[in-house]
Every structure is written in C-alpha cells, then in structure tokens.
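Colleague: Sequence:
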Amino acid sequence: MKIHRLSRLAFWVAALVVLYFAVAPVGDREPLTGWDKGNHVVAFGVLTVLGCVGWTSRVRTALAGLVGYGVAIELLQLLTPDHHFDLHDLAADALGIAVGWCVLQAWRLASVRRKA
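Heads up, this note's numbering is the position in the sequence shown plus 96, with the first residue counted as 1.
The set of hints was computed from the structure by calculation and includes no laboratory data.
Note that beta-carbon positions come from the ideal geometry of N, C-alpha and C, so glycine has one too.
Treat each hint with caution, since some may be false.
As the list claims (entries may be wrong) - Taking CB as the label site, the calculated pair distances span:
(1) K211 / L183: 36 to 44 angstroms
(2) W131 / S207: 29 to 37 angstroms
(3) R154 / L205: 40 to 48 angstroms
(4) R210 / G123: 23 to 31 angstroms
(5) A190 / W108: 16 to 24 angstroms
(6) A187 / V119: 37 to 45 angstroms
Stated by the list, open to error - Mimicking EDC-like on lysine to aspartate or glutamate, the simulated pairs with C-alpha atoms at most 20 angstroms apart in a straight line are:
(7) K133 / D182
(8) K98 / D132
(9) K133 / D178
Model the full structure from these sequences, guided by the hints.
Modeller: As structure tokens, this is what we get:
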C-alpha cells in the first residue's frame with residue numbers, strides 16, 4: 097500500500113478517534129498527556145502530519161479543513177453534558193497544526209539532506 101493511501105486511512109481513523117474522545121462522556125479517563133490542551137496539540141499535530149502526507153497536492157485544503165474540524169468539534173461539544181465550547185481548545189488545536197507542520201518540514205528537510 098502506498099504511503100499516501102496508508103496516511104489517508106490513518107488520518108480518517110485518527111479523526112474518528114479524536115471525535116469520539118471529544119464528545120464521549122468524561123467519566124474517569126485520564127488525558128493522554130496529563131493535560132487537556134496537550135491532548136489537543138498531540139491530536140491535531142498527528143492529524144496534520146497524516147493529512148499533509150495523505151493529500152500532498154491539497155495541503156492548504158487539509159490545513160484549513162483541520163481548523164474547521166477543530167471548530168466543528170467545539171460546536172458539537174455544546175450538545176454534550178460533559179463538554180463545552182472553549183477558545184483555549186481551539187488555540188491548542190491551532191498550535192498542534194503548527195507543530196505538525198513544523199515536524200513535517202523538518203522531516204522533509206532531513207530527507208533532502210540525506211539525498212544530497
């Protein structure tokens with residue numbers, strides 16, 4: 097399976113997992129990173145890398161879509177009893193997108209240097 101197809105599949109699986117954890121009842125589960133905003137950064141960083149690798153010809157669309165996805169999740173949380181809309185979550189999502197983008201650029205730069 098080509099890396100683009102695998103990245104697309106992993107992207108959609110990750111997006112569904114993120115959505116589940118964003119709207120599921122909180123209960124007793126602990127945040128992955130020990131800090132809610134850290135979870136947002138990690139989740140959106142991973143989604144950014146997977147999305148940009150999966151759709152190399154539509155990177156801007158993928159990035160804009162991730163911002164929209166973050167907003168959509170926050171709006172959906174208005175419909176749940178355990179969650180609420182939080183601008184700090186959106187900021188953490190945006191930071192995750194930026195971190196994912198930086199990781200991707202560092203990876204590409206390292207690949208170019210290895211080939212040279």
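Colleague: For K133 and D182, compute the direct alpha-carbon distance and say whether it is at most 20 angstroms.
Modeller: holds, 11 angstroms
Colleague: So does W131 sit 29 to 37 angstroms from S207, Cβ to Cβ?
Modeller: The hinted range 29 to 37 angstroms holds for W131 and S207, with Cβ atoms some 32 angstroms apart.
Colleague: Determine whether the Cβ-Cβ distance between A190 and W108 falls within the hinted range of 16 to 24 angstroms.
Modeller: Cβ of A190 to Cβ of W108: about 21 angstroms, so the range 16 to 24 angstroms holds.
Colleague: Regarding R154 and L205, is the given constraint of 40 to 48 angstroms on their beta-carbon distance met?
Modeller: For L205 against R154, whose Cβ atoms are near 21 angstroms apart, the range 40 to 48 angstroms is violated.
Colleague: May I ask you to test the hint 37 to 45 angstroms on the CB atoms belonging to A187 and V119?
Modeller: violated, 20 angstroms
Colleague: Using the beta carbons of K211 and L183, state whether their distance is inside 36 to 44 angstroms or not.
Modeller: holds, 42 angstroms
Colleague: Tell me if the straight-line CA distance from K98 to D132 falls inside 20 angstroms.
Modeller: Judged against 20 angstroms, a Cα distance of about 34 angstroms means the pair is violated.
Colleague: Going straight from one Cα to the other, do K133 and D178 come out at no more than 20 angstroms?
Modeller: holds, 16 angstroms
Colleague: In this structure, is the beta-carbon distance linking R210 and G123 contained in 23 to 31 angstroms?
Modeller: Cβ of R210 to Cβ of G123: about 46 angstroms, so the range 23 to 31 angstroms is violated.
Hint compliance for this structure: hints 3, 4, 6, 8 are not met, and every other hint is.
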